[in-house]
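Asks: Here is how the chains run, residue by residue.
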Amino acid sequence: MPTSTEPDISARLSVPPADEIKTTTCYMCACRCGIRVFLKDGKVRYIEGNRDHPVNKGVLCGKGSAGIMQHYSPARLTSPLLRVGERGAGDFKEISWNEALSLATQWLGDVRKTDPRKLAFFTGRDQSQSLTGWWAMMFGTPNFAAHGGFCSVNMAAAGMYTFGGSFWEFGDTDWDRTRYFLMFGVAEDHASNPIKIALGKLKKRGVKFVSVNPVRTGYSAIADEWIGIKPGTDGLFAGALINELLATQQIDVDYLVRYTNAPWLVIRAPGAADDGLFARDEKGNPLVFDKRSGQLTSGLAADLAPVLSGAVTLPDRREGVPVFQLIAERFLAAEYSPERAAEVTGIPAATIRRIAAELAHAAFKEEIALDIPWTDWFGRRHEQTTGRPVGMHAMRGISAHANGFHTARILHFLQILLGSIDCPGGFRYKAPYPKLAPPFLKPRGKPGDVHAGKPLPGPHLGFPTGPEDLLVDAAGTPQRIDKAFSWEAPLAAHGLMHMVIANAARGDPYPIDVLFMYMANMGWNSSMNLPATLAHLTEKDAATGAYKIPKVIYSDAYFSETVPYADLILPDTTYLERWDCISLLDRPISEPDAPADAIRQPVVRPDRDVRPFQDVLLDLGARLKLPGMIKDDGSPKFPGGYPDYIVNHERRPGIGPLAGHRGKNGGDFAKGDVNPRQLEQYIADGCFHAHHLPEHMRYYRHVNRDYIEWALEKGFRLTPTPAIFQLYSEPIQKMRLAARGHGGLQPPEQHRARVETYFDPLPFWYPPAGDVVEGDDSFPLHALTQRPMAMYHSWGSQNAWLRQIHGANRLYMNRARASTLGIADDDWVWITSPIGRVKAQVKLMEGVNPDTVWTWNAIGKRSGAWGLAPDAPESTRGFLLNHLITELLPQQPGGYRYSNSDPITGQAAWYDLKVRIEKAAASEAHETSPRFAPLSTPSPRLQGEATGAMPGARS
Amino acid sequence: MTALPATTAKKLGLVIDLDTCVGCQGCVTSCKEWNTGGYSAPLTDEDPYGADPHGTWLNRVHGYEAGEGAAGRTVHFPRSCLHCEEPACVTVCPTGASYKRAEDGIVLVDPDTCIGCKLCSWACPYGAREYDYSHGVMKKCTLCVDRIYNVSLPEEDRIPACVRACPTGARHFGDLGDSESAVSKLVAERGGYDLLPEFGYKPVNKYLPPRPHRDDRNDLAPAARPKHEPIGAVPGSSAEKLFAWVDRMLSR
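For the record, the sequence lines run as chains A and B.
When the letters of the first sequence are read in order and numbered with this note's numbering, they come out as residues 52 to 1006.
When the letters of the second sequence are read in order and numbered with this note's numbering, they come out as residues 62 to 313.
None of these hints come from the bench; they were simulated from the model.
Please note that the accuracy of each hint is not assured.
[To be verified] In the DSSO-like style, the derived pairs of lysine-lysine whose C-alpha atoms are separated by at most 27 Å in a straight line are: (1) B/246 - A/108; (2) A/259 - B/179; (3) A/144 - A/599; (4) A/73 - A/91; (5) A/164 - A/599; (6) A/682 - A/505; (7) A/108 - A/94; (8) A/254 - B/246; (9) A/255 - B/179; (10) A/281 - A/894; (11) B/179 - A/252; (12) A/164 - A/682.
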């Protein structure tokens, strides 16, 4: 009989897991965590979080830990490809890099020589936008943006116009000190590890966490309180919280007077050209009425006792009204009462009042005072740093609705009324933020900005402050292919990538010659109305027989659904095979206490004929002789490719892609000479650099004199002025005045009513209609897509481990609601929207708003793509809601169709989808619909054989 | 039948906080990644790019709902070997391949003597063992025995991969036989419990229960009731009262 005699396993307990461990930066989602990659026998053995890294502090999520399977994916492209059959058919031939680059240079060179607008260069999950944007600028096309237009531009723009910062990359809750945390519209992502670490901290300290979300999964599952709101109504809920806080007099009046434009006087002169603008003195300073002196005085002076209510007579005898008066009028109105909000949001009025009371309690009864003296911009020393410890965070559920800009503004109003921006326990900026509200950066691409063979005079994306900054001609015609910064989307700070293909194919506002895309699965789950998108990509001109989008160049590491729709494929590397630069010039990874940036270094060498896209772009730039990319003698300026650029490129003297280890010996931060050993020093530090701010520069940085002076010196700020929060937004009012017929630049007649309605200088809530015509109740349910944590940012990937966890998605429905429709668990149903229908299998649940159905995004795949078997569950049962989301709204009187986007920013409104659900016939069960024709492998050899390299993966 | 050690010097195990687990699968894939190249290598994936991908995992997280409507909750439940004090999976083993270590209480399988009869997986009520079809042996959580004693790793990393990765800090590792250990104190403080104690296998791993909701049904913050400033006899609308209050605030 066997006994418990234990085998001697001692020799197996201390096997060194790696021959070598290299640090780099994860790219499995957008968080950019620090990782340590274990290499054994030349293969990737294990990936763990880097304990020293500011973003993830050692931990790693389910995706990051599965990165090894992404790296060894059989879907990896192996060689440059040239299309030889019809577009979409997947017939390619392998070509050499020299052929590929020569062809691309010819196509792009022809465009640049004649009309640079005919290049549309759009990058998706791009983490090198400071390079790609600069390249596009040097090329001279006005048509550049990344994926922000369908991601989060409503959030980003609303924050920037309100307080010079925003959520996520631009700032965070002070997790170690907050006493209350309110989260809106965050599924299980944005961010991944940072939010997870933070929730763990809140739990440990017993801090109440409230999640406002139609769906109770992920983070919402562990909330102390889940508020299952009706989609698109968060702005009204937050407005009702403001109503209650005002009605119960629980706001921070001192904070409003010191740091916001609440006391500034707004001219009330209906019909006048300056109606609704700020009353200003002769120097242009906004005026307030100071009670102490009994006089009108500059609102930028210190120690004011301004009136906040009523009306004041201005020197020209007109009336001036303090902003605060207008705010009170707006939010104390009956439409923002908790009772009215309850009817629309589904949240009981008593709950709204209780949440307001809890917020106020945390803010005012649990005030924090740290013994950290600081000096404000008037030179006044404050012995302590005080804070109102209320934390908030918001994401996609706010931003992907057509009312997202104003809703995000309302959330920021809530934070500001409670006095909780950049203070201990509240929201805290991450460098290079705060900037001015809005940042001083104007978009380029006006008619006079674009010339054949010349660069654009400045960056593409920015923050218009009036009609004069819009990219339109005298007739109001959009100048960009995506119509960003036109009257259709005036504050389109991230562009409208989602409209590029539709606009280009229709020649609206003009046809293009080359569509150049990077890391964006626009031929599948990154486009709205996919059937139409694929039609646009394959449409031909009846007269010439040429494709309406004549040339498509695409760079991706994998055989995604988009690959067959391109003409020239430039295969990229995996994230473990490349250099990258996570730059402060781009999207920061800073922490509130420490500006930070990072690099990727290649930890393994590519085993196929692929090149990092950034190397390719610089190569193309040199071949095209773009300024900044060649030396005086015409030879490439960065012959060493991207790492050469990262070290040696200077955007302004002393300022380059990396802020750390600048100067001759690497001792300078942010500004300093080029340091040839910079990358080596980054690697020695773990592939990141964090510069810790002294305590007195960590709070109130919008008005903190020492911080502002330091930020000016380091190039984070361009002017020494404080960032006064713009509760009332004058730039927005200027657009509205133009719509009312004032000024030299006015919207074309067809856009006037729309601009006038939505360009309200104070935020307001309105129901986001989507494409459902008012009064049509045949689409009663809201339909949302979320990401499961293990598939966050998986729109460009496939993974052998993660697909075992989420191999096919279901349509989740409220159990009680489903039973009224005669739908049972596991039934197959048709999901119908005004533009189409999709078949899916249902999963019933309790924790979902009854008016909402939802599914996981990024799981459904097209048969044949991604190196998967044609009958993979991703394509037989996995589905997308994209097919149901229109890219164009119904016709206006006169026939014009707006894009399905926020009217302020152009953010894709893909959360506005409304549907009806009907049970499918028994004969229709078991398979999704529509199923697009299977794709065939574009190349004789994908990297399938490499999967054997991964222990355990048998193909 | 395989005998158990009379006592174990330590009771190494995991404490898993169901109040904090968000179901991110970080522990699942980090476990897979470590162990497919470690002591249990390989953790095979069958049909990884085909119609029915499935493989061997030593740790899985299940999400489910408990309770109806708003009163319910969503729970993420990580499931792996509990390293029971009296594990039937060991005692049923006909070859002695399954065994419980006297030193630390870890339940392991010796792949050299495992005959793949699967009696152990039938005996385990927790579904913690996974059969590796390609190699014909049983696999299970080793508590990362090749990490926790691995002198080639820095001391702070000598913890199971799942604990090392967990982003929310929901997983804790330690000696549950030592009442003074951090994990034992956590269990005492939070009311940690055994899974299916009625079976009598005495799991070493403990689960910490979700804390009560704090909402309309269970308001734990009575201190946070509205605290109106006394506004005395100020008449008028909400706006008038607000402005009167603001005036007073600014006249302080």
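Asks: Now tell me if each hint is right for this structure.
Replies: Going through the hints against the structure:
For the suggested pair residue 246 of chain B and residue 108 of chain A, the alpha carbons sit about 25 Å apart, so the restraint of at most 27 Å is met. Taking the CA atoms of residue 259 of chain A and residue 179 of chain B, the gap is about 46 Å. The hint is violated against a cut of 27 Å. Between the alpha carbons of residue 144 of chain A and residue 599 of chain A the distance comes to roughly 23 Å, so the proposed pair stays at or under 27 Å and holds. The straight-line distance between the Cα atoms of residue 73 of chain A and residue 91 of chain A is roughly 11 Å, inside the 27 Å bound, and the hint therefore holds.
Between residue 164 of chain A and residue 599 of chain A, the direct Cα distance comes to roughly 21 Å. Compliance with the 27 Å bound is thereby established for this hinted pair. For the given pair, residue 682 of chain A sits about 17 Å from residue 505 of chain A by alpha-carbon distance, which is consistent with the 27 Å threshold. For a cut-off of 27 Å, the pair hint linking residue 108 of chain A to residue 94 of chain A stands: about 25 Å separates their Cα positions. Restraint check for residue 254 of chain A and residue 246 of chain B: the C-alpha separation of about 17 Å stays at or below 27 Å, so the hint holds.
Straight-line distance between C-alpha atoms of residue 255 of chain A and residue 179 of chain B comes to about 41 Å, which puts the hinted pair past the 27 Å bound. Restraint check for residue 281 of chain A and residue 894 of chain A: satisfied, since their Cα atoms lie roughly 19 Å apart, inside the 27 Å limit. Straight-line distance between C-alpha atoms of residue 179 of chain B and residue 252 of chain A comes to about 42 Å, which puts the hinted pair past the 27 Å bound. Taking the CA atoms of residue 164 of chain A and residue 682 of chain A, the gap is about 20 Å. The hint holds against a cut of 27 Å.
Hints 2, 9 and 11 from the list above are not met by this structure, while the remaining hints are.
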